[in-house]
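Number of protein chains: 2
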Amino acid sequence: MTEQALIKMSEEQIAAALETHSEWIELNNQIQRTFAFDDFITSMKFVNAIAEYAEQVQHHPDMLIRYNKVTLTVSTHDASGITQKDFELATKADGLV
Amino acid sequence: MTEQALIKMSEEQIAAALETHSEWIELNNQIQRTFAFDDFITSMKFVNAIAEYAEQVQHHPDMLIRYNKVTLTVSTHDASGITQKDFELATKADGLV
Numbered sequence: 001m002t003e004q005a006l007i008k009m010s011e012e013q014i015a016a017a018l019e020t021h022s023e024w025i026e027l028n029n030q031i032q033r034t035f036a037f038d039d040f041i042t043s044m045k046f047v048n049a050i051a052e053y054a055e056q057v058q059h060h061p062d063m064l065i066r067y068n069k070v071t072l073t074v075s076t077h078d079a080s081g082i083t084q085k086d087f088e089l090a091t092k093a094d095g096l097v
Numbered sequence: 001m002t003e004q005a006l007i008k009m010s011e012e013q014i015a016a017a018l019e020t021h022s023e024w025i026e027l028n029n030q031i032q033r034t035f036a037f038d039d040f041i042t043s044m045k046f047v048n049a050i051a052e053y054a055e056q057v058q059h060h061p062d063m064l065i066r067y068n069k070v071t072l073t074v075s076t077h078d079a080s081g082i083t084q085k086d087f088e089l090a091t092k093a094d095g096l097v
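Protein chains in written order, with my numbering: chain G, 1 to 97; chain A, 1 to 97.
In short, the hints are calculated from the structure, not lab data.
Treat the hints with caution; some may be incorrect.
For identical chains, the list gives no copy identity; a pair is met inside one copy or between any two copies.
As the list claims (entries may be wrong) - Below 20 Å or equal to it, Euclidean Cα-Cα: the simulated EDC-like pairs (lysine to aspartate or glutamate) are: (1) Lys45 to Asp62; (2) Lys8 to Asp78; (3) Lys45 to Glu55.
As the structure is a computational prediction, the values presented were derived from the model and not from experiment.
Full structure from sequences and hints, please.
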């Protein structure tokens, strides 16, 4: 992670990043995506993979598990907004499905 | 699980059950408790223990993980309300902490 990862992104930067993360939306100064899986077990495998990554990079998304659906909501508290670190997590999550 | 576990409970029955599950609240025809842990890893251990139980009994709560906090929200879709099965899950969750 570079220092830049912790600088709050501008609306223009967020809009550009969302173009390459088309399943994600911006919502209340956070980015969010809901992933749909075949069943609960697959949801849990995904959540545990995200949890492992989150611990590695010390950046923890909110995760809502609803049977076969998992919603990730990501922001950077230290920057009071959305940073490159959030999009790195989004890229990681997108790569898992 | 008995057949009775799937019968929607009355408000009186729910009120009585909440007396022995004092950390839980009733909310929109569901019961809910937020558990606070020391850290994210402990949250994940709890979530995985609940997930294992949920698969065993085929009754899956909604689980929201927010770093060191986990919120369980439980209802029985087949009964369109709160059943004994929900309080069995609450008892299991309470026993884990």
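Results for each hint:
no. : hint           : in the structure
1   : Lys45 to Asp62 : both (16 Å within a copy, 16 Å between copies)
2   : Lys8 to Asp78  : within (9 Å within a copy, 45 Å between copies)
3   : Lys45 to Glu55 : both (16 Å within a copy, 13 Å between copies)
The structure shown violates none of the earlier numbered hints.
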